[in-house]
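Novice: One letter stands for each residue in the lines below.
Protein chains: 4
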Amino acid sequence: MAARIPVGLVGVTGYTGMELTRVLAGHPGLELVRATSRSEAGKSLRSLYPFLAGPGDLGRMGALTVTQPDPEDLAAACKLVFLAVPHKTAQEIAAQLIRRGVKVVDLSADFRLRDRTTYEQWYATPHTQADLLAEAVYGLPELYRAQMRRARLIANPGCYPTSAILGLAPALGAELIHTDDIVIDAKSGTSGAGRKASVGTLFCEVADSFRAYNLTKHRHTPEIEQEVSLLAGAKVALSFNTHLLPIGRGILSTIYTRLKTPMTQAEVQAVFEARYKDEPLVRVLPAGTLPETRWVRGTMFCDIGVAVDERLGRLIILSAIDNLCRGASGQAVAGANLMLGLPEAEGLPLAPLMP
Amino acid sequence: MAARIPVGLVGVTGYTGMELTRVLAGHPGLELVRATSRSEAGKSLRSLYPFLAGPGDLGRMGALTVTQPDPEDLAAACKLVFLAVPHKTAQEIAAQLIRRGVKVVDLSADFRLRDRTTYEQWYATPHTQADLLAEAVYGLPELYRAQMRRARLIANPGCYPTSAILGLAPALGAELIHTDDIVIDAKSGTSGAGRKASVGTLFCEVADSFRAYNLTKHRHTPEIEQEVSLLAGAKVALSFNTHLLPIGRGILSTIYTRLKTPMTQAEVQAVFEARYKDEPLVRVLPAGTLPETRWVRGTMFCDIGVAVDERLGRLIILSAIDNLCRGASGQAVAGANLMLGLPEAEGLPLAPLMP
Amino acid sequence: MAARIPVGLVGVTGYTGMELTRVLAGHPGLELVRATSRSEAGKSLRSLYPFLAGPGDLGRMGALTVTQPDPEDLAAACKLVFLAVPHKTAQEIAAQLIRRGVKVVDLSADFRLRDRTTYEQWYATPHTQADLLAEAVYGLPELYRAQMRRARLIANPGCYPTSAILGLAPALGAELIHTDDIVIDAKSGTSGAGRKASVGTLFCEVADSFRAYNLTKHRHTPEIEQEVSLLAGAKVALSFNTHLLPIGRGILSTIYTRLKTPMTQAEVQAVFEARYKDEPLVRVLPAGTLPETRWVRGTMFCDIGVAVDERLGRLIILSAIDNLCRGASGQAVAGANLMLGLPEAEGLPLAPLMP
Amino acid sequence: MAARIPVGLVGVTGYTGMELTRVLAGHPGLELVRATSRSEAGKSLRSLYPFLAGPGDLGRMGALTVTQPDPEDLAAACKLVFLAVPHKTAQEIAAQLIRRGVKVVDLSADFRLRDRTTYEQWYATPHTQADLLAEAVYGLPELYRAQMRRARLIANPGCYPTSAILGLAPALGAELIHTDDIVIDAKSGTSGAGRKASVGTLFCEVADSFRAYNLTKHRHTPEIEQEVSLLAGAKVALSFNTHLLPIGRGILSTIYTRLKTPMTQAEVQAVFEARYKDEPLVRVLPAGTLPETRWVRGTMFCDIGVAVDERLGRLIILSAIDNLCRGASGQAVAGANLMLGLPEAEGLPLAPLMP
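Protein chains in written order, with our numbering: chain A, 1 to 355; chain B, 1001 to 1355; chain C, 2001 to 2355; chain D, 3001 to 3355.
Careful, some of the hints might be misleading.
To be verified - As a list, the in silico DSS-like pairs of lysine-lysine whose alpha-carbon atoms are at most 27 angstroms apart:
hint, chain 1, residue 1, chain 2, residue 2
1, D, Lys3277, A, Lys43
2, B, Lys1277, B, Lys1260
3, D, Lys3235, D, Lys3043
4, C, Lys2196, A, Lys196
5, D, Lys3088, D, Lys3103
6, D, Lys3235, C, Lys2260
7, B, Lys1217, A, Lys260
8, B, Lys1103, B, Lys1079
9, B, Lys1260, A, Lys217
Hints listed in this document are in silico derivations from the structure and should not be mistaken for laboratory results.
Given only the sequences and the hints, what does the whole structure look like? Please build it.
Specialist: Given below as structure tokens:
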């Protein structure tokens, strides 16, 4: 086997960091050679994650010593670095790495919004890297594949936006729907809330319950509106609202739209199938089949189903992803693949864990 | 203690039958004296439900022998009978009992739709009891309390309709919203699917997953539209869609509407609070607090929260109930209380099981 | 209705405090008039627990203002106080209250172990209230009912010990088993881990998984051994080991013992039924039926089943409780009932939430 | 890439059949060319399992047409066939295939017990293939690797036995423990109960609950005793008991044993590490770390932890596997690998899905 390309991971203690180790453990072209964490430096990865043990990559990864995030060291050792740190923290590290010639995939929100003012408004913090913001490519392969291949910096899309944008793109591209009456009712598994100690995400607070949160003000709203507007060719404001599911992984977005003209289920189905027929990582389900989060659990797929309500002239789009894989770390690896000249889907998990 | 009023239950093997035993076990004014099931007749209730044992009512109930559903026997023994059998089956039994002077609360869909044609269309079966259909009272106390007090036959509301109608009533009553753009995104716990053996509701098919089902064609649609139209004073068609939650009990409906004129959160909040201020079994949550299904778990409450999206001129209403208690058996008992001259909330569980 | 007896609760923010509000909300003889918390003083209970709203007791409780724990104030207002604070903290408060003539039910471990040295060894902290330790009554009604009636201070049993001791008592009382080969394999729902922010009990760390913890060194070991030794009339050391279940409430203890002489299932069953035939809060399940945690969910019952392995001469005892109700707050209320001259089971929930 | 070896699957509708498709989808050396089911013949695999779609193997598998189980056809198309049908059914099919020169891995219990009488007693059905029974190799690589390489018929071990035997083997091999006092308290995820419609395994009957089942009479008992006796060099009877976990996948066995002579944690740890140091698919966890089912979720690993109770002279062994992967289909593929001259771990999933 040819030598694998060395990559690094800044921020290994969260669920996206954890998921990156899983995806990279099965990747034939990339090798994790650095993993950093301010709080855990000096320990072996295995001491954090006892499941990183065994033969081959798993064992090698587990033996890796966690280091302090040092741009010099990362640049010397890695061709590409994944940033799995909170927004704001990522800005500075990204700049330091790119300055040293390292490619970066940033999993935070820091480079997703093209408009700096919008960023500063929704994230309530200044953006200090205007140049990089202008240069960053939004890492959704179905929309920006060509640009991603040439990018130095990829802004990895948010989990909810991934599902919402991929669900809406065919309807917007074919101008099927009114753009002033879009409602996205999104539901996410609890891993989306991260791995920090908090009463609100304790097992006993989440299990056997269901609730909405952040209604009308979720930070993924401007990100979705940005891409939807570009797809629609006009500024779109939409209603995006989120709920917390008592499951680990998975997002299902139910997207309510109104058709411009009456269409049948079959006609809409054909539009969606045509849009994604060459896409390896999107599956338009057969008519009559609706996505389930378990069918994409642990995978890179976005599964999409459509239901036309002919009585009301409405189109309902369902879009399911695994928030940690397609919605974060797996998509980051797809981005890395493209940046590094590897096949887009290389090393990405496709078979779901069922049941 | 005064003698309790004897009541019967036709159909004891499903979750609504099971829940009725729980609610009646704590009821000071009603006593379950008959429980019927075609398949289990002859057994003790305790042999079906080992938890029906212990001192007092629980033990008494557990010792009850399940009988064949015999109208003569039921009429001789009971002043009121709950029907927890599938729709279509309920029609005939209801007629037989009412003819014999017994009051009936029917938990099936058989008497909910005022328009016989609509019933026959959505339920694909003829309705054989037109007279009773005309007489039946839709058993939502917040709308029909007075009529329920005088009723011989109550059509107990569906679980989804209970949450949707109570959520929409204040906005419709105060004419806050456009009635031609209502979307109800409803999510239900799996107990709503009933207690019959089926691959689709096995633990391994439901747990750790989430999915939509029956989009655009759920049978609760005409029931919701009927009551919403009455509240709006005009025929309303709305988009009602359902999802399956990996929880036992609980429905959360997220209801998307558009405001006729711009309003603040506080103004909408005031309208909702005013509408329900004298209602014992509806709680409008304080501004900024959104309902969670666990807060109503095992109880009769409908918890409602509102979120105004001033940017978009939208009002989002959240409505949570326990689908088995408020959405079925508890509400049936509230109906029985009213029919029998007891206080509406007598014997109904109000403190949720938390966590 | 006669005036209810005023009681207080020190420590309202944990799951046992929360559960006490639920149990007291349905109690006809006790009224919660004080609820304290160092961190939340000044807020209404409802602002902590939005489900404490509605008519009657729930609303009254929700309107209660949380206070600082002040012995003077508690003594002036309450006849009895429940302590739901961590061990060590409870010692001092208990003493202050008892000195002022208030009865106390302590839900911590501070007064459970008769031997001060054992306490200090397992809990790694000095015990400063030797007199009270000598006076405290271990609050398991099935063993100490008479003493509880006269007690000023009840040490409320631990959750695991409640299930283990009640499971073993009949076999020990009738001298059926060898006492030098007892293994208790106990499994608890996650509410047993408390309500503090912690990565290890996050939903994503507990759901869809199972693990043992604290093997060979759980602090409930000496408590179980103390009571088992008293029942056996000789010092018993046993193997007690614990596991974490991905459920909210419930403990199931599987207790492995060896019969002294060969016995049939029926013979053992008869011994267990005889032991508990007059006990209102223990249910020996019929032969062939094994307990399930859901059958006791939210209730005060301890459900017990026995299985004799005639091939091996072993007796396996299964004992299920709700760890928060029978294993903590419900049992505390039973203790309070006895101390205050009320019927033991008054106000205690008996009908489980099923499903 | 060299052509892959064609294999078949008889019985595709259960969870083990489903899991085989997942494992084979990622296998570089085997290709699924036949999938049979009496009830589903004629449909595409994708119409049964919508997640079998996408690029590469997944899509190819999904396009496969399910056929009737025809030995001629299977023999013509496959070099090896997996049997994922109920016991008794498997006997005949295995014979028909082996007669035609096809290698067989049988996932049922039909060829696991060497003693025909024991089989007929525990499974209450005659065994019609005595010759094959004598020839079959018990497919646990850690015990029978060499024989598996030469086998025509592998009896794939049961899920519980896999975890129990691998947990006990080091202690038995080094003669650390008394063999007349072994208690296995085993807990399994619900996928172990299979994918047939049944009230007992509905979501609402399993979720948020826990229970024992089949105490003292589980059919895996003789299988465990057979292998444990061989390891101990003497007939062993042990106590094996099972519980149902509200999780999808995973078995944790807590094995209680008594040490022959006092040993420290470190000494026992060393024995276990030595026994498995060259095994690729068993991980002895570091001292102080206990296995969790999630760490093996979706993988082929058996994770083992040990806890010495020096106070009592007891050794507690914990052994965790994924019941569908290591406990069924993954182990079947390991067996196939060995029979076909491929590396034992080829194509087997090793990185767990976390969280």
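Novice: Now tell me if each hint is right for this structure.
Specialist: Hint by hint, here is what the structure shows:
With a C-alpha separation of about 23 angstroms, the suggested pairing of D:Lys3277 with A:Lys43 holds against the 27 angstroms cut-off. Pair hint B:Lys1277 plus B:Lys1260 holds up; C-alpha atoms about 24 angstroms apart against a cutoff of 27 angstroms. For the given pair, D:Lys3235 sits about 49 angstroms from D:Lys3043 by alpha-carbon distance, which is inconsistent with the 27 angstroms threshold. Among the hinted pairs, C:Lys2196 with A:Lys196 is consistent with the structure: their alpha-carbon atoms are about 12 angstroms apart, no more than 27 angstroms.
As the CA atoms of D:Lys3088 and D:Lys3103 are separated by approximately 19 angstroms, the hinted pair is consistent with the 27 angstroms bound. For the proposed pair D:Lys3235 and C:Lys2260, the alpha carbon gap of about 23 angstroms is at most 27 angstroms, so the pair holds. Simply put, B:Lys1217 and A:Lys260 have alpha-carbon atoms about 21 angstroms apart, close enough for the 27 angstroms limit, and the pair holds. This hinted pair checks out: B:Lys1103 and B:Lys1079 have alpha carbons roughly 6 angstroms apart, not beyond 27 angstroms.
For the hint pairing B:Lys1260 with A:Lys217, the CA-to-CA distance comes to about 21 angstroms; that is within 27 angstroms, so the pair holds.
When held up to the earlier numbered hints, the structure conflicts with hint 3 and nothing else.
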